[in-house]
Amino acid sequence: MSDKISHMLVVNLHEIDFLERTLNILAEEYVRDCVVYDAEGIISRHGDNIPIQGFIKSGLSSLFKEKRNQNYVIFAVVKEALKENVSIKLKSLHYDNRWAASFWFVPIEGYFYHKEIA
309 MSDKISHMLV VNLHEIDFLE RTLNILAEEY VRDCVVYDAE GIISRHGDNI
359 PIQGFIKSGL SSLFKEKRNQ NYVIFAVVKE ALKENVSIKL KSLHYDNRWA
409 ASFWFVPIEG YFYHKEIA
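Just so we're aligned, residue 309 is where the sequence shown starts under our numbering, counting upward by one.
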């Protein structure tokens with residue numbers, strides 16, 4: 309596949325102590341346009357500020373396995389050529405049966421990076 313194809317990497321980081329290691333992996337693989345969101349501050353469709361009756365009110369943290377740690381969501385753009393390396397390195401982030409993250413690669417069409425020359 310062409311190196312021009314990009315993917316949106318979506319990381320659900322379960323363990324806060326893996327945040328720095330996760331970001332280091334992305335930096336090592338030259339992943340661009342990376343943003344980190346504190347999932348505790350993001351309202352889910354069941355969130356407190358959604359004016360729909362009948363839904364259980366809860367923060368995103370209650371949708372994860374446990375509330376013992378802060379949760380983060382990371383969005384980053386990954387080129388096709390780097391996808392496998394990033395995947396392998398993210399899968400290696402665990403300690404004492406604590407898996408750091410779950411993640412997905414979503415194909416992007418029409419991605420434009422302002423410093424790229426077509």
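Treat the hints with care, since some could be wrong.
[As the list claims (entries may be wrong)] Dumping the calculated EDC-like pairs for lysine to aspartate or glutamate here, alpha-carbon to alpha-carbon at most 16 angstroms: (1) Lys312 to Glu417; (2) Lys387 to Glu336; (3) Lys397 to Glu337; (4) Lys391 to Glu336; (5) Lys391 to Glu328.
Quick caveat, the hints were computed from the structure, so don't treat them as lab data.
Legend entry - Given hint glutamate 417 paired with lysine 312 - CA-CA distance at most 16 angstroms: holds, 10 angstroms
Legend entry - Pair hint outcome, lysine 391 versus glutamate 336 [Cα-Cα no greater than 16 angstroms]: holds, 13 angstroms
Legend entry - Distance restraint between lysine 391 and glutamate 328, which requires alpha-carbon spacing of 16 angstroms or less: Since the Cα atoms of lysine 391 and glutamate 328 sit roughly 20 angstroms apart, the hinted pair is violated (cutoff 16 angstroms).
Inset, instruction - For the pair we were handed, lysine 397 and glutamate 337, check the Cα-Cα distance against 16 angstroms. - result: Roughly 10 angstroms separates the two Cα atoms, so the pair holds.
Inset, instruction - Sort out whether glutamate 336 lies within 16 angstroms of lysine 387, counting only the CA atoms. - result: Holds: lysine 387 and glutamate 336 sit about 13 angstroms apart, inside 16 angstroms.
When each numbered hint is compared with the structure, a violation occurs for hint 5 only.
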